[in-house]
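Protein chains: 2
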Amino acid sequence: MTSEGNTVELSGLTVGVLGGTGPQGRGLALRWAKAGLRVLIGSRSAERAVDAAGELNAAAGVDTVAGRDNAACAAEADIVLIAVPWDGHGDLLTSLREQLAGKIVIDCVNPLGFDKQGPFALPVEEGSAAQQAAALLPESRVTAAFHHVSAVLLADLAIAEIDTDVLVLGDDREATDVVRALADAIPGMRGIYGGRLRNAHQVEALTANLIAVNRRYKAHAGLRVTDV
Amino acid sequence: MTSEGNTVELSGLTVGVLGGTGPQGRGLALRWAKAGLRVLIGSRSAERAVDAAGELNAAAGVDTVAGRDNAACAAEADIVLIAVPWDGHGDLLTSLREQLAGKIVIDCVNPLGFDKQGPFALPVEEGSAAQQAAALLPESRVTAAFHHVSAVLLADLAIAEIDTDVLVLGDDREATDVVRALADAIPGMRGIYGGRLRNAHQVEALTANLIAVNRRYKAHAGLRVTDV
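Chains as they are written, first to last, in the working numbering: chain A, 1 to 228; chain B, 1 to 228.
No lab work stands behind these hints: they were computed from the structure. From a predicted model like this one, the values you see are computed outputs, not experimental measurements. All C-beta atoms in this analysis are idealised placements derived from N, C-alpha and C, irrespective of residue type, glycine included. Each statement offered as a hint is correct.
Lysine-lysine pairs mimicking DSBU-like chemistry, simulated, CA-CA at most 35 Å apart:
#1 A:Lys-218 x B:Lys-103
#2 A:Lys-116 x A:Lys-218
#3 B:Lys-116 x A:Lys-103
#4 A:Lys-103 x A:Lys-34
#5 A:Lys-34 x A:Lys-218
#6 A:Lys-103 x B:Lys-218
A short list of chain A residues far from chain B (calculated; beta carbon distances all over 12 Å):
#7 Ala-46
#8 Glu-55
#9 Gly-90
#10 Ala-135
#11 Ala-160
#12 Ala-175
Just some of the chain B residues that point at chain A, by a computed CB distance under 10 Å:
#13 Asp-165
#14 Gln-202
#15 Asp-227
Only chain A is shown next, with the shape it has when bound in the complex:
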C-alpha cells in the first residue's frame, strides 16, 4: 500500500547495482529480479559479477540478471544503485561520472565506523555519502534510499515480505518517484519520500542505531513510518 498514487512504470528499465556482489547490493538485486526487473550486477571484477548474476538467476528462477564490471554496468543500466563500501565510494563515483551522467543514481551507502563501543557515524565533508555523490556526479540525478534494509532478510526468499519502509530522499521529484516505485516493487516494502538530499546524513547515520537495536534485541530491525 502506498498512500500516494505512484504510477511510475518500471518495466523495460534495467537497474544496475554497483557493488552488486556485496550483501546489500546482492540482496536488493535478488528481490528486484524476483519482482520481474532486469538487473545488472556491477563489480570490480566482471568475472565475479557474472558469477553472482548466475547465482541470482538460479535463486530467483529468472534469466534477467547479468554481470558486468562496474563501468559497463553504469554505462548500460538506466538506474544505478551505489552499494559499495564507504571506503572507495568517492573514487568509484569519480571514475564513473561520464557513464552515470543523466541517470538516476541511488546511494544507499552508510558511512559508519566501529570501535569497542559499537558503530558510530563517520563525519563526511560533503555532509553525507549522498551529498558526496551529488557533488561528484553533477550531471546525474542523485537520490538516497535503501539504507536500513537488512541484507540477511533480503537474501532469504523464505521471507516473502520485507517488513520495512524505505525513506527516499532527493531534490528531483520525478527521480524520487521512480526510486519509491523501486521500493514498492519489493513485496512488503513501501517507498516513502523522506526529504531533501541535505537531510540524508541522519538517515545514513541512523543505521548505527539500528545496529544497536539488532544487538540488544537479536533482531533484523527495519522502520515503518506510521500515519502514512
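Could you slot chain B onto chain A? The hints should help.
Here is chain B on its own, set in the frame of chain A:
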C-alpha cells in the same frame, strides 16, 4: 508489547517536564498524567506552569499535575524531561546543574533550522543536544528519547493509542530502562533501546525528515521499529 521484560516500577515517581508549557512537553505531561504518574510542569514563569498544570488536570481528569518554575521543578522531580526550545537549551541546563545532579534526565530537544527549503539539522558543537546535556550535567544520568512524538496527537485524547515507538538512547542501562518504561506507560507507544548517546545526533536530526514526510503526506508521522 515490549519484547524485553521491562519490570521498572514507575509508581511513586514524579516526572518533571522543563518547558512543560510548550506543545511537546505539555503533550507528554498529559499522557503521563493520564497514565497515573505524578507530573510537575516547569516553566520560566511559575504562574504559567500552575495554569498549564490546572488545564492538564482538567483534561486528564486527575489532580496529580502541579506547576513550578523550572528550578523548583528540577529540584522536586525524580526524573526530568528537557522539552525546551534548542535556543536556550544550554543556558537552562547550566543553571540547573545542581538541581539535576543524580537524576535521570531525558533530552528530547531537536536542534533544527528552517529556511525556504524546509527543515534541516543544525550543527551542535558537542555532537547533539543530548551530548550537550551530558557535558553540562556531569552528575546527571542523561538519556535521549521522545524526539519524534507528534505534539498534535499527544494533545488529542480522542486518540487513545499513540502509534509510534520511542528510541531511547543512553550509556546507563538502568536509566534507559526507566525511560523505556516511561514510553511504555503511554498506550500504543513502546520504548526501544536505540544506542549510546554518541549516536543521538541522527535521531534528533531525523525529525527534519519526519517533517518532510508530514508535509508531503499530510500526516503526523511516527516510527515503528520492525522485528522487535
